[in-house]
Amino acid sequence: MGADANRPGPLDGLTVIELASERAQFAGKQFADLGADVIVVEPPGGHHTRTYGPFADDVESPEHSLWWWCYNTSKRGVVLDLDTPEGAAKFAELARDADIVLEGEDPGRLDALGIDHPQLRDTHPELIWVSVTPYGRTTSRAHEPATDLTILAGGGPAWSCGYDDHTIAPVRGGGNQSVHMAGMFAVMTTLTALLAKDVTGRGQHIDVNMTACANVSTEAGSYMWHTDKITVQRQTGRHATPVLTMPSQVRCKDGRYVNTGFPPRSVKEFEALIGWLDTLGLTDDCPDAPLLQLGVERGGVSMTELSTDELASAIFGAGREAMVFIAQHIDAMEYFETGQRAGIPCGIVASPEEAFEMPHFVERGFQVEVEHDVIGRSVRYPGAPAIMPASPWRISRRAPKIGEHDAEIL
Amino acid sequence: MGALSHIRICDLSGQLAGAGATRFLAAFGAQVIRVEDPVRKGAWDIVRGSGPYKGEPGLETSGGFNNHNVEKLGITINLREERGKELLRELVAVSDAVTENFAAGVLARMGFPYEELARLKPDIVYVSNSGFGNSGPYSTFKTWGPIVQAVCGLTFESGLPDMAPAGWGYSYMDHMGAYSMAVALLAGLVHRSRTGEGQWIDMACVEAGTTFTGPDLLDYTVNDRPLRRPGMPDSNHSHSPLMAPHAIYAAAGDDNWIAIACRDDADWERLVDVIGEPWAKERRGDPLERRVATQVDLDERIGAWTSGHDRFELAARLRDVGVPASAVQQPGERIEHDPATTDFGLWPVATHQVIGEMPVDGVPAHLSETDWEIRHGAPCLGQHTRQVLTEVLGKHDDEIDALYAEGVL
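Each protein sequence line maps, in turn, to chains C and Y.
If you count the first sequence from 1, position 52 lands on 52 in our numbering, and the numbers rise without skipping.
In our numbering, each residue's number is its place in the second sequence (first place is 1) plus 1000.
One or more of the hints may lead you astray.
The calculated PhoX-like cross-link candidates involving lysine-lysine, where the alpha carbons are at most 20 Å apart (straight line), are [what the hints assert, rightly or not]: (1) Y:K1085 <-> Y:K1121; (2) Y:K1085 <-> Y:K1395; (3) Y:K1054 <-> Y:K1121; (4) Y:K1142 <-> Y:K1121; (5) Y:K1041 <-> C:K229; (6) C:K268 <-> Y:K1142.
The hints are simulated quantities; they were obtained by calculation from the structure and are not laboratory data.
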């Protein structure tokens, strides 16, 4: 694609003042990696999220927090004490010079300090101000405590995630996803507001509700209810559905799991599965192979005939059984690669580090080296979520140290 | 006047990973013209004909399709025909962006590589969203949401120790892929607005997914500590930040659960006060380290206590004293009865030509000046073909009649 890595990012020249917060950090990272000058404002001593592990080289110090590193790339950092009049005034001054203010404060806190959006917008109508809060700034629950766990529990995802055995608790999806979902919506809405400003010349306030973000990110969990008041039920490693479905996550010979994808239905898909068995030399050992051939000969199977046509049902079942059979005979990575090459959409259940090391992503330049003087070496980070050759995403610097840019900014 | 009323998108995307991206822009007033195939009746998008149905099963009654395609215009063009291709060229020439989530390379093989799109409209923003992107050894591999989240690390990250991955009980990465696609598209439009320059944005959904795995990945790249290790994943506990107790506990009733998280010592002391049992009082002063080291035992004790309580009443009591807690809410509970969504106006009612009125997902953020609006449901197949050909491409009725007669529309 011929990306010129030295070109500026799409938000080059825009200034973002971010009040450090767990809730909005990921959005701030995206603005920064997209080229905006993001200045993250921390309280004296550094923001609380610097106490979140894991820590680089297991050194528990605010400059070694991998949470902080992860979510604050490409930003510059300053320290201000908003609880002092001088600190609040300085923040207001920075905000007035900015294009975007990003914050995840509890509703009411900035207002009490006299530095909320309503207090600053009159002198700066072009300002876009983004607030990320657990329940939105104006709902009746605005002031209730929350964490990632309680947001995913109350917001829908947890109900759909877990195991077939419902005596086992539902599962919170890992990785701070409430922050990621809200971060995405904060960025999407801010970019929308920037495009609107092209026409109106005016900024505005954006109220991102983390619980609402989770609620609209549950696929059928919500739309089955919208459509017919149907409640989905969680299952191991596959879609929550109103009626139990067959497993699609299968353990391979090496103990690792694959997602088999959907069993074949069309002639082409049955042929692909037959071809895959052949390639692996497993056709003669697979008890379901003859039924797969029958699937080709009768022109595939359709979902609508499964309940009425015994042969169609047997052939469809054979497709699934053959996929399980293959998994039992080869390793997960081989299953993924040879299955995909045979034309079967399937996937290995990779750990994050295994995904990261796949040569495919390395070849695409997904691994990005970032210099970290604190530990005296460079560190590999996940790279661009999308390759934008004319305005590249990039990590321009490691996360800032506490007050690292006080002198040049304040 | 919507925030994006000045933007027109020639949208070849579908399913959720694509449709969910352009849906967002449509809600803010962008003119999203969704192009579907009249020959296969739009069947490339399997959601179009899939349940649950509002009324009789069919191509126009899918609740999922209706949800994912609100506020879009729907047209049909047969791209096998040269005259169909010509119509798409005309549409591209007056569009700001082209979006698709076919397998990598499909649109190019149909005669519309980026070079051709840019010839038709030099500043076009073209976003392709595929599982593995347009380059690299896996570029021909095909994905669905469950496969994307399996390969990128998210499925693995979700589960309890010594068990199979629980993963995500839905296509989380179709949502997050759609959001990533929307960010890429909007960033491309911002760049174009500031420089006059278009581009082809190549998005690989699996890469986007890996960017959502959080600090776990840095623990590997910095400390050489893989997440695939004994006892992990353990995603109902909180390792980053470290908290305990922190889990989902059984509540009174069948398959009822409550999530409780103690962020710090103060939360723990407040929880102990609510529990009020001797075992808890004895442990009131336990520091975080001890709570973490004994959290399996703690979870059992707390679970025995919560199992006698109504999950909503108990969660409210805990929140009242400042401890984060929530019932694991079922769809009807969070959609019908939670002020965090209902006060927010999160569930607009959209009107669909066949389905009629149906609640749909709204946008989980409000803009004070140019907010979103969702009133129209998904388009029926070809519902706006004549309107778009007339108003956008300047065709006359007799031309359009002829195109219909020739099987182009």
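Now the hints, each set against the structure:
1. Y:K1085 <-> Y:K1121: Given pair K1085 of chain Y, K1121 of chain Y holds - Cα atoms ~15 Å apart, limit 20 Å.
2. Y:K1085 <-> Y:K1395: With Cα atoms ~15 Å apart, K1085 of chain Y and K1395 of chain Y stay inside 20 Å; holds.
3. Y:K1054 <-> Y:K1121: 40 Å, violated
4. Y:K1142 <-> Y:K1121: Not OK: K1142 of chain Y and K1121 of chain Y at ~29 Å, beyond 20 Å, violated.
5. Y:K1041 <-> C:K229: 28 Å, violated
6. C:K268 <-> Y:K1142: Holds, at about 15 Å.
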